[in-house]
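Peer 1: Sequences are here, hints too, so could you generate the full structure?
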Amino acid sequence: MSRPKVAIYWAASCGGCDTKILDTDEKLLDIAAAVDIVFWPIAMDFKYADLEKFADREIDLTIINGAVRNSEQEHIVKLLRRKSKVVAALGACAVSGGIPGLANQFTADEMLDYIYRKTLTTEPNSQPPKTETETEDGVLTLPKFYNTVFSLPQVIDVEYFIPGCPPPPSLIAKALELFVAGELPPPPAFVVGDKSVCDECPRERTGKFEVKQWKRLATHQPEQSNKCLLEQGFLCLGPATPSGCGALCPKANMPCEGCMGKSQDVVDRGAKFISTIASLYPAKTEEEIKKMLDEIPDLVGTLYRFDLPSSVLRGKVKKS
Amino acid sequence: MWRRMSLLRKMMEQLGIEPERLRVVWVSASEGEKFANEVRDFVEKLKSLGPLKMYEPSR
Amino acid sequence: MKRITIDPVTRLEGHGKIEIFLDENGDVKTAFFQVPELRGFEKFCQGRPVEELARLMPRI
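Residue numbers (our numbering), protein chains in the order written: chain A, 845 to 1164; chain B, 11 to 69; chain C, 561 to 620.
Simulated from the structure, these hints should not be mistaken for lab results.
Hints should not be assumed to be uniformly reliable.
[Stated by the list, open to error] Which stretches of chain B does chain A cover? Using the computed rule of at least three CB atoms under 8 angstroms from a CB of chain A, they are:
(1) 14 to 25
(2) 55 to 65
[What the hints assert, rightly or not] Here are the simulated PhoX-like pairs of lysine-lysine, each with C-alpha atoms no more than 25 angstroms apart in a straight line:
(3) B:Lys20 - A:Lys1134
(4) B:Lys44 - A:Lys1116
(5) A:Lys922 - A:Lys1039
(6) A:Lys1163 - B:Lys55
(7) B:Lys63 - A:Lys1163
(8) A:Lys922 - A:Lys849
(9) B:Lys63 - A:Lys1160
(10) A:Lys1160 - B:Lys44
(11) B:Lys57 - A:Lys1128
(12) B:Lys20 - A:Lys1056
(13) C:Lys562 - A:Lys974
(14) B:Lys57 - A:Lys1160
(15) A:Lys1162 - B:Lys44
(16) A:Lys1059 - A:Lys1163
(17) A:Lys1163 - B:Lys57
(18) C:Lys589 - A:Lys891
(19) B:Lys20 - A:Lys1160
(20) B:Lys57 - B:Lys44
(21) A:Lys1071 - A:Lys1116
(22) B:Lys20 - A:Lys1162
(23) A:Lys1163 - B:Lys44
(24) B:Lys20 - A:Lys1059
(25) C:Lys562 - A:Lys897
(26) B:Lys57 - A:Lys1134
(27) A:Lys1039 - A:Lys1018
(28) C:Lys589 - A:Lys974
(29) A:Lys891 - C:Lys562
(30) A:Lys1052 - A:Lys1071
(31) A:Lys1039 - A:Lys1095
(32) A:Lys1116 - B:Lys20
(33) B:Lys20 - A:Lys1135
(34) A:Lys962 - A:Lys988
(35) A:Lys1018 - A:Lys849
(36) A:Lys871 - A:Lys849
(37) A:Lys1162 - B:Lys63
(38) A:Lys962 - B:Lys55
(39) A:Lys1128 - A:Lys1056
(40) A:Lys929 - A:Lys974
Glycine included, C-beta positions come from ideal geometry on N, C-alpha and C.
Peer 2: Here's what the structure looks like:
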């Protein structure tokens, strides 16, 4: 009996998700023995031309990490969707846009203009790359850089979601073990815990609390205590984030960044967290409200750090 | 309530939506004239801002 | 004139494509390495609070 075929692709990715697949340690050996990996650029030498040769739905599981923000990435994820029975989105970028999704606050032209003409270390006369470049011997091509960063489900149908930045190896191992055993739940399904990060966090809250000042890590250090970081006044996204990571960051004295995405019963996480911020901060006068707003300098970047592309507002409206 | 609205307004502004498009007014059922004035004023304001432009994903 | 395309470059971090043009003798005439990816950290990190950089940069 042939082993199931598994493809792993990275789109607009940092390589962290692939590293976490490797961090499943010895479990990876069992998984690798049970499947046939047919594409995995970080570790194996298969080419895009090899993918073209598969029949439709011949690949049993394709795992895609990284967001989609250029034409090559869109082409390959659509190709993989055709050639695969099941697609899983791995990591915050594929699930909801991830950190590269913050680029939705800018247009492609704004980004290319700054990056290729105006950074401190850009050479003079540098120009943004073109999609086609003629050389003496032939035309070289590059993908088109899109205006928008797309999460994977915004481009293709996705059956399974393993969020996190990076996703905890324990969740990756669990998903792969379920796949190998043929016991994946009916799609769509998120491989996360069913509580919030707060439930996994060992820190303690003193019942009902108020935050009189939102503290920035640039100017304040968390106390050397077991006190809840939100109660201390740091913008910890624990209450708005599903469990599954073991609350690694709060255990290391850092407020939760919210990398596991939003819980499925919330439509827009930033909008929901605004309610949390507002309900904890006892500002009544216009002056006090202004103070509160000044204490959170980058509201979009803080509340939508990992999921701007999949939020309701999705990005910054272009000035006409 | 004002705290939530002011945070939402700041977020809208950061994402390129004019904060004036969000207005919160307390009007009771017995304040007909006040309601009419507020709506009239808001409609004028919106007309001067033009149609709402939401983010449009594009390639 | 033969053209050899290696796409994608594998077993390293990142995306890459190599195009090699051979002359009539089968020797390499020109070779090009292209990077078909850009996420733009240089730009979208601008204007963020300084403490965010320690969270954003590892994601490069």
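Peer 1: Run every hint past the structure and note whether it holds.
Peer 2: Hints, verified against the model:
Only residues whose C-beta sits within less than 8 angstroms of a C-beta in chain A count toward coverage, and the segment 14 to 25 of chain B has 9 of them, enough to reach three; the restraint holds. Check on the segment 55 to 65 of chain B: 3 of its residues sit with their Cβ under 8 angstroms from a Cβ of chain A, so the three-residue criterion for coverage holds. This hinted pair checks out: Lys20 of chain B and Lys1134 of chain A have alpha carbons roughly 11 angstroms apart, not beyond 25 angstroms. Our distance criterion of 25 angstroms between C-alpha atoms is broken by Lys44 of chain B and Lys1116 of chain A, whose separation comes to about 31 angstroms.
For the given pair, Lys922 of chain A sits about 33 angstroms from Lys1039 of chain A by alpha-carbon distance, which is inconsistent with the 25 angstroms threshold. The hinted pair formed by Lys1163 of chain A and Lys55 of chain B meets the criterion: a straight-line CA distance of about 19 angstroms does not exceed 25 angstroms. With a C-alpha separation of about 9 angstroms, the suggested pairing of Lys63 of chain B with Lys1163 of chain A holds against the 25 angstroms cut-off. Proposed proximity of Lys922 of chain A and Lys849 of chain A is supported: the alpha carbons are some 18 angstroms apart, at most 25 angstroms.
Annotation: proposed proximity of Lys63 of chain B to Lys1160 of chain A holds, straight-line Cα distance about 10 angstroms (limit 25 angstroms). Of the supplied pair hints, the one linking Lys1160 of chain A and Lys44 of chain B is violated, its CA atoms being roughly 34 angstroms apart against a limit of 25 angstroms. Only pairs whose Cα atoms come within 25 angstroms are accepted, and Lys57 of chain B paired with Lys1128 of chain A is rejected, the gap being roughly 32 angstroms. Using a Cα cut-off of 25 angstroms, the hinted pair Lys20 of chain B and Lys1056 of chain A holds, with the two alpha carbons roughly 20 angstroms apart.
With a C-alpha separation of about 23 angstroms, the suggested pair Lys562 of chain C and Lys974 of chain A falls inside the 25 angstroms cut-off, and the hint holds. About 22 angstroms separates the Cα atoms of Lys57 of chain B and Lys1160 of chain A, which keeps this hinted pair within 25 angstroms; it holds. Pair hint Lys1162 of chain A plus Lys44 of chain B does not hold up; C-alpha atoms about 35 angstroms apart against a cutoff of 25 angstroms. The suggested pairing of Lys1059 of chain A with Lys1163 of chain A is violated, with an alpha-carbon distance near 33 angstroms, which exceeds 25 angstroms.
Only pairs whose Cα atoms come within 25 angstroms are accepted, and Lys1163 of chain A paired with Lys57 of chain B is accepted, the gap being roughly 18 angstroms. For the hint pairing Lys589 of chain C with Lys891 of chain A, the CA-to-CA distance comes to about 23 angstroms; that is within 25 angstroms, so the pair holds. The hinted pair formed by Lys20 of chain B and Lys1160 of chain A meets the criterion: a straight-line CA distance of about 13 angstroms does not exceed 25 angstroms. For a cut-off of 25 angstroms, the pair hint linking Lys57 of chain B to Lys44 of chain B stands: about 20 angstroms separates their Cα positions.
Of the pairs offered as hints, the one joining Lys1071 of chain A and Lys1116 of chain A holds, with about 23 angstroms between alpha carbons and a cut-off of 25 angstroms not exceeded. Our distance criterion of 25 angstroms between C-alpha atoms is met by Lys20 of chain B and Lys1162 of chain A, whose separation comes to about 17 angstroms. Taking the CA atoms of Lys1163 of chain A and Lys44 of chain B, the gap is about 34 angstroms. The hint is violated against a cut of 25 angstroms. Annotation: proposed proximity of Lys20 of chain B to Lys1059 of chain A holds, straight-line Cα distance about 18 angstroms (limit 25 angstroms).
At roughly 22 angstroms between alpha-carbon atoms, Lys562 of chain C and Lys897 of chain A fall within 25 angstroms of each other, so this suggested pair holds. The suggested pairing of Lys57 of chain B with Lys1134 of chain A is violated, with an alpha-carbon distance near 28 angstroms, which exceeds 25 angstroms. At roughly 17 angstroms between alpha-carbon atoms, Lys1039 of chain A and Lys1018 of chain A fall within 25 angstroms of each other, so this suggested pair holds. With a C-alpha separation of about 23 angstroms, the suggested pair Lys589 of chain C and Lys974 of chain A falls inside the 25 angstroms cut-off, and the hint holds.
Proximity of Lys891 of chain A to Lys562 of chain C is assessed by CA-CA distance (about 19 angstroms); at most 25 angstroms being required, the pair is judged to hold. This hinted pair checks out: Lys1052 of chain A and Lys1071 of chain A have alpha carbons roughly 13 angstroms apart, not beyond 25 angstroms. This hinted pair checks out: Lys1039 of chain A and Lys1095 of chain A have alpha carbons roughly 17 angstroms apart, not beyond 25 angstroms. With a CA separation close to 15 angstroms, the supplied pair Lys1116 of chain A and Lys20 of chain B stays within the 25 angstroms bound.
Proximity of Lys20 of chain B to Lys1135 of chain A is assessed by CA-CA distance (about 13 angstroms); at most 25 angstroms being required, the pair is judged to hold. Between Lys962 of chain A and Lys988 of chain A the CA atoms are separated by roughly 20 angstroms; this keeps the pair inside 25 angstroms, and the hint holds. Simply put, Lys1018 of chain A and Lys849 of chain A have alpha-carbon atoms about 18 angstroms apart, close enough for the 25 angstroms limit, and the pair holds. Proximity of Lys871 of chain A to Lys849 of chain A is assessed by CA-CA distance (about 18 angstroms); at most 25 angstroms being required, the pair is judged to hold.
Of the pairs offered as hints, the one joining Lys1162 of chain A and Lys63 of chain B holds, with about 8 angstroms between alpha carbons and a cut-off of 25 angstroms not exceeded. A C-alpha spacing of about 38 angstroms is found between Lys962 of chain A and Lys55 of chain B, which places the hinted pair above 25 angstroms, so the restraint is violated. Note on Lys1128 of chain A and Lys1056 of chain A: the hinted pairing holds, with a Cα-Cα distance of about 12 angstroms set against a maximum of 25 angstroms. Taking the CA atoms of Lys929 of chain A and Lys974 of chain A, the gap is about 35 angstroms. The hint is violated against a cut of 25 angstroms.
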